[in-house]
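*Asks:* These are the residues of each chain, in order.
Number of protein chains: 2
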Amino acid sequence: MGLETPEAVASPRRGMQVAILLYDGFTALDAVGPYEVLCRVPDTSVVTVAKRVGPVRTDTGVLGLVADRALHQVRQADVLLVPGAGNRGVIAAMEDAEIVDWVRRLHKHTTWTTSVCTGALILGTAGLLRGVPATTYWASRTYLETTFGALPAPGRFVESGKIITAAGVSAGVDMALHLAAKLADERTAQALQLAIEYDPQPPFDTGSPEKAGPDLQQLALKLLEDAAV
Amino acid sequence: MGLETPEAVASPRRGMQVAILLYDGFTALDAVGPYEVLCRVPDTSVVTVAKRVGPVRTDTGVLGLVADRALHQVRQADVLLVPGAGNRGVIAAMEDAEIVDWVRRLHKHTTWTTSVCTGALILGTAGLLRGVPATTYWASRTYLETTFGALPAPGRFVESGKIITAAGVSAGVDMALHLAAKLADERTAQALQLAIEYDPQPPFDTGSPEKAGPDLQQLALKLLEDAAV
Numbered sequence: 132m133g134l135e136t137p138e139a140v141a142s143p144r145r146g147m148q149v150a151i152l153l154y155d156g157f158t159a160l161d162a163v164g165p166y167e168v169l170c171r172v173p174d175t176s177v178v179t180v181a182k183r184v185g186p187v188r189t190d191t192g193v194l195g196l197v198a199d200r201a202l203h204q205v206r207q208a209d210v211l212l213v214p215g216a217g218n219r220g221v222i223a224a225m226e227d228a229e230i231v232d233w234v235r236r237l238h239k240h241t242t243w244t245t246s247v248c249t250g251a252l253i254l255g256t257a258g259l260l261r262g263v264p265a266t267t268y269w270a271s272r273t274y275l276e277t278t279f280g281a282l283p284a285p286g287r288f289v290e291s292g293k294i295i296t297a298a299g300v301s302a303g304v305d306m307a308l309h310l311a312a313k314l315a316d317e318r319t320a321q322a323l324q325l326a327i328e329y330d331p332q333p334p335f336d337t338g339s340p341e342k343a344g345p346d347l348q349q350l351a352l353k354l355l356e357d358a359a360v
Numbered sequence: 132m133g134l135e136t137p138e139a140v141a142s143p144r145r146g147m148q149v150a151i152l153l154y155d156g157f158t159a160l161d162a163v164g165p166y167e168v169l170c171r172v173p174d175t176s177v178v179t180v181a182k183r184v185g186p187v188r189t190d191t192g193v194l195g196l197v198a199d200r201a202l203h204q205v206r207q208a209d210v211l212l213v214p215g216a217g218n219r220g221v222i223a224a225m226e227d228a229e230i231v232d233w234v235r236r237l238h239k240h241t242t243w244t245t246s247v248c249t250g251a252l253i254l255g256t257a258g259l260l261r262g263v264p265a266t267t268y269w270a271s272r273t274y275l276e277t278t279f280g281a282l283p284a285p286g287r288f289v290e291s292g293k294i295i296t297a298a299g300v301s302a303g304v305d306m307a308l309h310l311a312a313k314l315a316d317e318r319t320a321q322a323l324q325l326a327i328e329y330d331p332q333p334p335f336d337t338g339s340p341e342k343a344g345p346d347l348q349q350l351a352l353k354l355l356e357d358a359a360v
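Those protein sequences? They're chains A and B, same order as listed. Using this note's numbering, the letters of the first sequence correspond one by one to residues 132 to 360. Using this note's numbering, the letters of the second sequence correspond one by one to residues 132 to 360.
Please note: incorrect hints may appear among the correct ones.
Derived pair list, reagent style BS3-like, types lysine-lysine, alpha-carbon separation capped at 27 Å [claimed, not checked]:
(1) B:K239 to B:K293
(2) A:K353 to B:K313
(3) A:K293 to A:K239
(4) B:K342 to A:K313
(5) B:K353 to A:K313
(6) A:K342 to B:K293
(7) A:K182 to A:K239
(8) A:K293 to A:K313
(9) B:K313 to B:K353
(10) B:K313 to B:K293
(11) A:K353 to A:K239
(12) A:K293 to A:K182
No lab work stands behind these hints: they were computed from the structure.
With these hints in hand, go ahead and build the complete structure from the sequences.
*Replies:* Structure, rendered in structure tokens:
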């Protein structure tokens with residue numbers, strides 16, 4: 132049967148393909164939250180993609196996730212998921228033409244193009260959010276509008292055409308369950324919510340900037356900066 | 132100053148050390164949810180530990196996380212976190228004396244010994260849960276009692292002495308925020324909840340077996356099995 136093409140390697144199963152972009156300094160939970168849901172949607176396969184195959188370190192530097200494919204090996208996907216990062220990581224990704232071009236190119240043929248947290252800024256850099264209702268990490272909301280012409284919209288995630296942008300970090304889980312219902316059906320998505328026992332009971336009520344208030348907002352940004360590499 | 136000892140290598144910063152065990156077939160979100168919170172607790176460092184340094188594949192086989200230390204390099208930690216796995220992964224870990232002995236040995240000197248999901252079964256195998264109120268993944272609750280003599284307790288996580296066991300997968304995030312308040316203080320934990328924008332709005336109300344009912348329970352277990360390697 133000859134050598135497998137890179138595309139064949141990236142598509143071991145039939146069905147829907149989910150490509151999760153990894154890049155230096157990405158935020159682990161932005162990628163892993165949605166992964167944990169989408170990897171169990173029937174007839175769907177997930178692949179991690181980065182500039183190079185191999186470990187990619189997160190924003191804190193203390194965790195590495197493995198990218199199984201290089202960008203040039205994955206030329207199309209049904210679902211593209213772009214996670215966010217800390218300031219330095221996301222700026223570096225936005226300035227990286229190879230990453231931005233890949234996002235723009237995949238988007239042309241996706242069924243769904245999605246982001247979590249500041250991943251929306253990378254979609255914005257690729258020119259995908261002009262005039263599009265969207266959300267991002269709470270601390271980057273203004274930036275999304277002023278720099279990329281997105282239309283700020285409320286909610287844990289915002290669906291606009293085939294683009295779904297999620298709010299910060301943990302919001303990727305809510306978005307992925309919503310997406311699972313689109314890729315399969317509502318009953319499957321409900322079962323996947325149980326599969327990850329997602330019956331959240333946060334110990335505090337400080338998960339949004341409005342609920343947390345300005346002092347905790349400042350402290351959150353300081354803790355993020357202190358732990359960043 | 133001579134060569135660094137393995138312990139020194141595992142302790143690049145002062146302060147609290149969090150060791151996250153990785154093993155073949157673990158569930159990614161069990162580890163990454165708590166990591167995303169604990170890595171930003173001030174004066175706390177997180178390290179991933181496995182039998183061998185390098186990539187460890189998850190229960191679905193489609194994601195790899197990097198273990199930065201081998202078990203023998205990490206001889207103590209202030210916080211031990213044991214994630215869960217699918218059936219095959221957790222059984223293999225329970226039957227692996229090197230893993231179970233390491234958990235038992237670290238536990239002697241931890242400040243907190245914690246598990247997420249079926250990670251509790253590994254704590255149980257190490258003999259740490261006899262007569263201890265504990266929880267685990269919803270589908271393994273009975274097993275925890277009958278096999279290890281734990282006392283089933285309700286809640287997203289159960290704290291008993293220095294042992295904290297969380298329910299399935301996503302419950303590790305709730306537990307980690309609780310733990311962050313213990314390691315630092317409540318204000319810091321509240322800010323960390325904002326840092327990960329954890330204001331959950333699940334699209335369905337099916338995150339516990341009681342809410343989901345028997346049909347979705349069966350479907351969830353089937354989806355887990357179908358995606359398992």
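*Asks:* Give a verdict on every hint.
*Replies:* Hints, one by one, checked against the model:
no.: 1; hint: B:K239 to B:K293; verdict: holds (11 Å)
no.: 2; hint: A:K353 to B:K313; verdict: holds (19 Å)
no.: 3; hint: A:K293 to A:K239; verdict: holds (11 Å)
no.: 4; hint: B:K342 to A:K313; verdict: holds (22 Å)
no.: 5; hint: B:K353 to A:K313; verdict: holds (19 Å)
no.: 6; hint: A:K342 to B:K293; verdict: violated (31 Å)
no.: 7; hint: A:K182 to A:K239; verdict: holds (20 Å)
no.: 8; hint: A:K293 to A:K313; verdict: holds (11 Å)
no.: 9; hint: B:K313 to B:K353; verdict: violated (37 Å)
no.: 10; hint: B:K313 to B:K293; verdict: holds (11 Å)
no.: 11; hint: A:K353 to A:K239; verdict: violated (38 Å)
no.: 12; hint: A:K293 to A:K182; verdict: holds (25 Å)
Checked against the numbered hints above, the structure violates hints 6, 9 and 11; every other hint is satisfied.
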